[in-house]
Each structure stands twice: as C-alpha cells, then as structure tokens.
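Here the protein sequences come in this chain order: L and C.
Quick note on numbering: the first sequence equals residues 1 to 311 in the numbering used here.
Quick note on numbering: the second sequence equals residues 312 to 556 in the numbering used here.
Keep in mind that the hints were calculated from the coordinates and are not lab data.
Because the structure is a prediction, the values reported are computed rather than measured.
Hints are not guaranteed to be accurate.
[As the list claims (entries may be wrong)] Computed list of lysine to aspartate or glutamate pairs in EDC-like fashion (alpha-carbon distance at most 16 Å, straight line):
(1) C:K551 with L:E26
(2) L:K105 with C:E315
(3) L:K176 with L:E68
[To be verified] Derived DEER-like restraints, expressed as beta-carbon distance ranges:
(4) C:K551 with L:D131: 28 to 34 Å
(5) C:T331 with L:Q111: 30 to 36 Å
(6) C:Q391 with L:E68: 28 to 34 Å
(7) L:G62 with C:N318: 28 to 34 Å
(8) C:F509 with L:F11: 35 to 41 Å
(9) L:D64 with C:V526: 50 to 56 Å
(10) C:V475 with L:F11: 19 to 25 Å
(11) C:W505 with L:E68: 41 to 47 Å
(12) L:L288 with C:Q391: 52 to 58 Å
Virtual Cβ for every residue (Gly too), placed ideally from N, Cα, C.
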Amino acid sequence: MIHVQNLCKHFDDVFAVENLNFSVAEGEVLGFLGPNGAGKSTTMKIISGFLAPSEGCVSVCGFDVTKETHSVQQLMGYLPEGAPAYGEMTVRAFLDFIAQVRGFKGPQKEQRLQAVIEQVQLQSVMGQVIDTLSKGFVRRVGIAQAIMHDPKVLILDEPTDGLDPNQKHQVRELIKGLAKDKIVIISTHILEEVSAVCSRALIIDKGKLILDGKPSELEKQSRYHNAISLNLVDEIPDAQAMLQALDGIEAVEQVNERLFTLFPRQGAMLLPQVVRWLDKKAWQVENLHVEKGRLEDVFRQVTSAKQKARA
Amino acid sequence: MSLEMINIVMRRQLYSYFATPVAYVFIVMFLVLAGVFSFYLGNFFEKGQADLSAFFNFHPWLYLFFMPAIAMGLWSSERQLGTIELLMTLPIGHGNVVLGKFLAAWLFAALALLLTFPIWITVSYLGDPDHGVIVAGYVGSWLMAGGFLAIGSCMSACTKNQIVAFLLTVVVSFIFMVSGVPMVLEAFFWAPQWLLDFIVGLSFLIRFDAIARGVLDVRDVLYFCMQIALWLYLTGLMLKRNQAQ
Numbered sequence: 001m002i003h004v005q006n007l008c009k010h011f012d013d014v015f016a017v018e019n020l021n022f023s024v025a026e027g028e029v030l031g032f033l034g035p036n037g038a039g040k041s042t043t044m045k046i047i048s049g050f051l052a053p054s055e056g057c058v059s060v061c062g063f064d065v066t067k068e069t070h071s072v073q074q075l076m077g078y079l080p081e082g083a084p085a086y087g088e089m090t091v092r093a094f095l096d097f098i099a100q101v102r103g104f105k106g107p108q109k110e111q112r113l114q115a116v117i118e119q120v121q122l123q124s125v126m127g128q129v130i131d132t133l134s135k136g137f138v139r140r141v142g143i144a145q146a147i148m149h150d151p152k153v154l155i156l157d158e159p160t161d162g163l164d165p166n167q168k169h170q171v172r173e174l175i176k177g178l179a180k181d182k183i184v185i186i187s188t189h190i191l192e193e194v195s196a197v198c199s200r201a202l203i204i205d206k207g208k209l210i211l212d213g214k215p216s217e218l219e220k221q222s223r224y225h226n227a228i229s230l231n232l233v234d235e236i237p238d239a240q241a242m243l244q245a246l247d248g249i250e251a252v253e254q255v256n257e258r259l260f261t262l263f264p265r266q267g268a269m270l271l272p273q274v275v276r277w278l279d280k281k282a283w284q285v286e287n288l289h290v291e292k293g294r295l296e297d298v299f300r301q302v303t304s305a306k307q308k309a310r311a
Numbered sequence: 312m313s314l315e316m317i318n319i320v321m322r323r324q325l326y327s328y329f330a331t332p333v334a335y336v337f338i339v340m341f342l343v344l345a346g347v348f349s350f351y352l353g354n355f356f357e358k359g360q361a362d363l364s365a366f367f368n369f370h371p372w373l374y375l376f377f378m379p380a381i382a383m384g385l386w387s388s389e390r391q392l393g394t395i396e397l398l399m400t401l402p403i404g405h406g407n408v409v410l411g412k413f414l415a416a417w418l419f420a421a422l423a424l425l426l427t428f429p430i431w432i433t434v435s436y437l438g439d440p441d442h443g444v445i446v447a448g449y450v451g452s453w454l455m456a457g458g459f460l461a462i463g464s465c466m467s468a469c470t471k472n473q474i475v476a477f478l479l480t481v482v483v484s485f486i487f488m489v490s491g492v493p494m495v496l497e498a499f500f501w502a503p504q505w506l507l508d509f510i511v512g513l514s515f516l517i518r519f520d521a522i523a524r525g526v527l528d529v530r531d532v533l534y535f536c537m538q539i540a541l542w543l544y545l546t547g548l549m550l551k552r553n554q555a556q
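Build out the structure end to end from the sequences listed, making use of the hints.
Okay, here's the thing in structure tokens:
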C-alpha cells in the first residue's frame, strides 16, 4: 500500500502540491493526470524520496518515506522525469551499475540483466554509449533501470514520452504484464494511455486532487457519455433541426456536414428510438454508435473549470 | 556506511572520468605544468640539491586550479543532467554516495600525482636523495589534494553550474591557502594572538611547507584529514538541503 496523507510541497512561496490525499493498493495501476505544472512530478519525487515534503507524510508498504527512505528505495523502482542516465556510459555499463546497486552479483546478475534486456528489447544497443541513443532507446534504458530488481512498487514519470506508437504499445504491454501484485504509478498527459493501462486515474491540477476513479467512471462524467454519434451517407438539409426535434434529445451538435453528435437528456438511452426514426425517414446511415465518454473532455472540463474559478 | 556501495559508486565515477579524453588531457597538462614549475620556476637543476622541494613547493598552486577542475562536476553536472534524481533514489545512502564520489576524485588525483614519478627517478639518478622525505612529500601532497577536492565536492553540491562550482572552489581554497601568509596576518593586526594562531593553523601553505621539507607531523596529517571530513560532511548537508528544496 502507498498512503499519501495531507501532502504539501512548496518551493519558496509557490505551492506545487497542496493537501494531497490518496492511497494505492497492490495490483492497482494508478494513472496520474494533470496539465503541465500540476504537481505530478513533484508528487512522484516525494514518493520516491528524492524530495522531502513540506508537510504531510507518505508511507510505502508501511515504511515512512522521509524516515525510512532506504527501505522504501529498496522496494521501489523509479523512472524520473526525462529518463536521466549517465550519458557517457554504455548501456551495458550503466545497467551493470544499477544491478550492482540493487545487490545482484555474479551469474545471478548476468541472468537478471539478460532478462531485463529482453523485456525492454535493448539487445541491439548494449555496447552503445547512452548519449548516442535515440530518445526512445534512452527511455527504455530508464525503464530497464527501474525494473531491474523486479520491484514491488514501480513509479514511472511519463514512461512513454518520446516513444513511437509501436514502442508505446510495447511499454504499455510491459506495464500491464507487471501489474499483477505490484503497485504501479504512472504519470502521463496522454489520455488514451490511461484507458489502456490504468485501473484507476487521478486528475490533479495546481497541486490539488480534482478527480479520482476508474477510467470508465471518469468517462461517465463526460458529456459525451451515452451521446450518439451519427454519420450520414448524404448531406440532408435541415438535418440538425429535425434531429433536435426528436423526443428526449437535449442538444445536437453538428461536427461536419454529415456528422452529428446527439446528446440525450439526463440518463436517457435513445439508441433504439433513433434507429427506428432513421429507418422511418429512410436516411442512409454510414455509422451510428453510442459513445462511452471522452476522458479528454472530462480532463479539459475539470482542469479549465478550476482555472476559470481562479481567474 | 557500506564499503560495497562506496566501491560501486566510486567505480562508476571513475568510469565517467575516463570515458572521455578530458581525463587524459588533464593528466598530461598536470604533468607538463608540474615539470615546468619545478624546472623553470623552482630551479631544480640550479639548486644542486638532491631533493624534490623544488617540485613539491609548487603543488599547492598547481592544485589550486587542478583540483577544482576534478571536483567541479561531482555534483553539479549530476544536477544539471538530472541524474542526481536517479542516484539519490537508488538505495545507496547519502554518506556512501558522498564518500564514493570523493574517493573517485581522490584516486584520480593520486594517479596524476603518481605519474610524476620520472622526477623521482631523475633526482635519484643525479644524486642521493632521502627517499623517506620524498615519500612523505608525496603522502602529504596527496592529503592536501584531498583537502582541495573535499572543498570542491561541497562547492559542486551548491550549484548546478560547473563553472560556478570551479570558481567557488578556487576562491575558498585560496582563502585556506593564503590564510597564514604575513600579508594576511598583518591585516589582522587588531586580532588577539589566539585568533592569529588559529588563522595560521588553517593555512594549507604553511602546513604543506613542513610536509614538503619532509616533516610529516601527525598534526598536519590530522589537519588535512579533518578538512576532508568537514567538507564532506558539509557536502552531505548541502544534499539534504537540496532535497528539501
């Protein structure tokens, strides 16, 4: 378990994190969401023991991060923001250093190195100097470093930043594969990632916790939740007005000439009616589906609402 | 404190020193300058003495610029590149990291110092020097290098900028070097005797002067060891402070 209680961090008079409270249980993959400068990285730095909190406390598997930093760090794998690594070292030398620090020796070390290298597919660059690697490889070296000792707690600050779509997919699969009995916290501003790998999402803004829930629950807060997306084959004059007149429809948005989004009234499920109505009208339909809701929409809604309130 | 961790950190730091040609250029520069100082400024041949005082006398001045250069990157470059975050979140322990890094720098200095051995051979070939005095000189010189490097380690932990770290180290080291010379003492004419004695006692130059003449006094050895311990402790404090910020 990770418990974060009343966590505050200020740099001089700037508040980076304000009164943050949450817990993460084993088996959870927590997605940390928020605009740039929301305090995601700061929170992760505190959990990893790199920064000391101004107030509040963090405990990881029963160990207090400020008092028992060493024990916490032994349990934890951490990928700092930007995946820093010693650029003048070769990948092999760097990972060897990490393995030694993690207490591996002799054949056991070689075995572990081999396993990790295969897991993040670094075989082809082992002899290369890290400074000469592409951004994607550097990121993978960072991930390899974090999972070297098969840690109980894994904290990854923007693990897929700078990766191409294939590599992103790979890293997500890797995280999903790890997660069984571990605690994983990842920060990201790519929202599809949250739906793809996280079992829970936290949205923070200006250092404060705004939303906490399963990605699917958060999607329900979107106004696109249960909205019907309708794509017609032909352009029909006055289609918007006619759709608007339908019973139970709150609003209709025209995305382009042939694409409409229908927002039902509170909680209504309109798909069958819409289908019957379209059939009667004999409109040719290219695509019709109910939206699950858009995380991006929720994200924008909650983070910009806060900004407006402050302004 | 774990010797194993210190060793791991030290070896990684040495790897970084020698990963680029900078270290080799540095050592060559050091050797050339050490030679130039002893032979031209120190009048090694003209003195006609079978000792290395001409060589050792210039070490404080050489170190004033060379040791800060070795130490400047110890922490500031890690902070600049963000690797400090990686290093400090590995289960190594602050003390072990501080010691490991310092030892790497100190070993590097030892290597540069050992490579001056041809001058020892030269003086043995030309005359019949007291080898005990020379050994004492080398040990003392290495201890003093440790003092400079420990100051450098602390200054490096204060800033993200290597150049700033270098300059700060030169300034602080310079203060410790010249604290015992008459010019400085005259400026303290108003001070009581015990304070003057204390200021003289802080001087690298005066301490090393005795060592260079072959007097390896326990108090001087202790002085340099305490300098090292103090500045490494302060390095640890700086790291703690950085953690809180």
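Looking back at the numbered hints, which does the structure fail to meet, lowest number first? 1, 3
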